[in-house]
Amino acid sequence: MDYRATLDLPQTKFNMKANLSQKEPLYLKRWEKEDLYGQIQKSCKDKPLYVLHDGPPYANGHIHLGHALNKILKDIILRARRMAGFNAPYIPGWDCHGLPIEHNVDKELGAKKDQISKLSKRGACRKYAQKWIKAQKEEFKRLGVLGDWDNPYLTMNFPYEAAIAREFNRFLLSGSVIRNKKPVYWCSTCTTALAEAEVEYYDHTSPSVYVKFPVTEDLADIDQALAGRQVSIIIWTTTPWTLPANLAVAFHPDFVYAAVAVGDEVWIMARDLAESVLQRFSIAEYSIIATFSARKLENRRCRHPFMDRDSLMVLADYVTIEAGTGCVHTAPGHGADDYQTGLRYGLEILSPVDNQGIYTAEAGPYAGLQVPAVNARICEDMSKSGMLIYKDDIRHSYPHCWRCKQPVMYRATPQWFIAMDRSGIREKALESIKEVQWTPSWGMQRIFSMVEGRPDWCLSRQRTWGVPITVISCRDCGTVVKSEALARKIDELFLQEGADAWFKYEVGDFLGQGAVCQQCGGNEFLKEEDILDVWFDSGVSHAAVCEERPELRSPADLYLEGSDQHRGWFQSSLLTSIGTRDRAPYQGVLTHGYVVDGQGKKMSKSIGNVVAPGEVIEKYGAEILRLWVASEDYRDDVKVSDEILRQISDAYRKIRNTIRYMLGNLHDFDPGKNCVGLQELPDLDRWAIARFEELKEKVVSAYERYEFHSIYHSLNYFCGMTMSAFYLDILKDRLYTSGTDSHARRSAQTALFIILDGLIRLMAPILSFTAAETWEHLYGLDPQKAPLSASVFFAEFPAPVAGLLDQEGEARWTRLIALRSEITRALEIARREKIIGHPLEAEVLLLMEGELGDFMTREWQTLKEISIVSAITGVDEFPDVGLAPFFSEEVQGLSIMVRPVDGGKCERCWTRSATVGTNAEHPLICERCCTILADLGLKAE
RNA sequence: GGGCCUGUAGCUCAGCUGGUUAGAGCGCACGGCUGAUAACCGUGAGGUCGGUGGUUCAAGUCCACCCAGGCCCA
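Under my numbering, think of the first position of the first sequence as 9, with each following residue one higher.
Incorrect hints may appear among the rest.
What the hints assert, rightly or not - Label-pair distances were calculated between CB atoms; the ranges are:
1) Gln900 <-> Ala794: 53 to 59 Å
2) Glu439 <-> Phe289: 40 to 46 Å
3) Thr368 <-> Glu559: 53 to 59 Å
4) Asp158 <-> Lys121: 41 to 47 Å
5) Phe289 <-> Trp450: 31 to 37 Å
6) Glu492 <-> Lys609: 29 to 35 Å
7) Gln655 <-> Phe863: 37 to 43 Å
8) Met24 <-> Glu146: 29 to 35 Å
9) Ala810 <-> Arg866: 22 to 28 Å
10) Ala344 <-> Glu492: 54 to 60 Å
Treat the hints as calculated values from the structure; they're not laboratory data. We put the CB at the ideal spot given by N, CA and C, even for glycine.
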């Protein structure tokens, strides 16, 4: 007789090989076609709302792994929230305006870029952004990220552009928008401002000059040696043309400065530079008559070498000892550092140069001269007046215009700012930061100190592709028109035609006929030409999206981006919300680290360590990428390498095989008919369900705390250890041999069913594709025809079940498992010695002392079952059969001897038993199997 | 150069307020099974906890400095 046919072996069509890269697209296609996202949202519209507001990626280029990490994290959180009973919509967005796009469009346009109109350029930029949104959308969808992809928010959509202008106008009307000068890179050849990204550095020869700034007051209080001396500060500069704009001299707060006597003069410079500087001047005769800290100089005054005014002595920590004299010429209108220093000391932002590089009247004697050609003239004059000590040439790296390749300058021009302290924005922002839940917690400190120390927010950009700064001012007196009516008009036009309207229409179209200036009565007005910083665009998404979309709300529950956004979007969102609504736009902020390579180095094209998401998906599947995201502790930087991905892939296979095996053993199980009540389950099965309960609790709470890597580990351990290596291995005998409809088998299946059903739900937020596939197999759903509403995505996390195993039961199992692990150790030794092969060939003799013996008297049967051996026998002493016993170190008073068991191998259940051969009808099988066959009504043929 | 953060076995992670021989899974090595089979089971070997110095009876855990790496500034 073929006894194999009387067994219930696992059967399943669930493939061992996942074939993810081929199968994922099929699932995605159906989910999209039947609008899985829409269906889910419909089904949960009455549940409590959870809003994760998407930070918009920039619509330029293909997505990289950083994007994938970010979107997958969001997707995992949202899916987990849905399964925890929430309505969790996802509206993805894109950041569309800005320089990089304009830049690339300029490149594509080539020479044409200067001929076309502003509106055509904007049209081309819009098209360019659209192209990349389309590409990125497909790439995001491929990751399995579920959301309203057909209705994303774009910062260039008309309603969004209108919202940007609306929010700007709120700031304007509230009085926190101010106009100030700030230095920017300026090309006087092209007469245009340049962004950082538009300057290129080349070597350039500049004059290198050392200039005296005479000190008029007596410095005797610093050092008596200076009493009555004629003292000068010696500065060094390579841009003499900025001297007319000099307003200060900066010293390093921590350097020691020296007063050097040269002839009858005293020169001040950094002590450590004095020797080399004087050597350069070819001055051999000098003596240091005093040294002192720069702090003693702060806020004193010296005389400008040729302008009729004083310069302030200030401290600045960017002053270097690498070059110059340690005394830095400071012109707040002509340098980034100088500007910051100027702000700190309340200096004027003086920049007496017009847009063609010609000195204005403010430059005094030099008005009308061209910069930087004027350098020679200035040096000549200073030489005559004795203020120039030394002049030389220097070759150094200097910024040049990317278009005309000419050297550029820093020039202060009027810009629009949001004032941080006028209406208490900074203060209120700092207060609200403390109310937000920051994950990890150090995020609070980080953004707090950034907001605390940041300057006013410069909103203006001298570019084309963006939302205009909607300011109209009087041509005659410059007064800014601030009116609700104007704001409404702008809103109206922008809603209909987008921000292009600003460039399309005349001032009169916005102001209406006959408008006059409230200040001077003038009737001619100017439209601002600059556009807004793109951080303002995305910063108002809480207003443009969360408040506008009916399915969302503001403040959002969570913002989730990389840690660079503490300076970026988290801050711009916070400031725009505080400025107009007096509260933060989010209740929680979660940050993740950056994706780095296997060594922890950042990815860069030049190093060649970049891993593209597409390659990973192609090779392993999006599911592996998702599992990778879950496996890493994203609060730190996230490493990726082939080794790591291989590891994730191995872990996936283990999980998949475990699931597959469970499915295989449930092929004939109908939960409606075959379930065994929890109270009737054998102890082992209750133990297994208790372990699953433990997992459930851990996983559900880890989702709540956004600690996905611990879910990954828990899932691995549960599938690999608890299930595969222990429970499932033990269950084989019961599942295969006890008879299809036996209580023993149905019990095991009940446990398997409960566990598998729950396991699929727990892993679904991460392993979405596999969860969907498994669910179909478990419930016999046709992958193409069964309604999506029956899919795992409409299920929730399994509810907690209590009372499976009391404390005593848990303790009992802990002990049994410890004993089993000692037995397997002994079996392994026996296997090495070729005494046995498979554990079922073994009889295990246990010698136990004291209470342990009593425990065994009660539990030997369970121990035999879980050890998967043919016999366990308690003995008082080991028989003398030439075998060495194993003395346990882990379990006190236990020693174990393993010997081949007596009796033949049952052809059916493979257990060795003395009863094999005793039944005449079935001479090849054991008594237990004979009984089962009889129960099944099977007769030997 | 400054601010914030990170550094535990080959890999991914645990190690709470300092306290016995630093844990897990995977990988690896070796062995078994052939009724989860391009599966499954078992055993084992892997760490001077980035480095140095300090506090302490006692430090992976506290302090200082240094090194490496990341983000944001300059």
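Non-conforming hints, listed in increasing numerical order: When the structure is compared with the hints, numbers 2, 4, 5, 6, 10 turn out to be violated.
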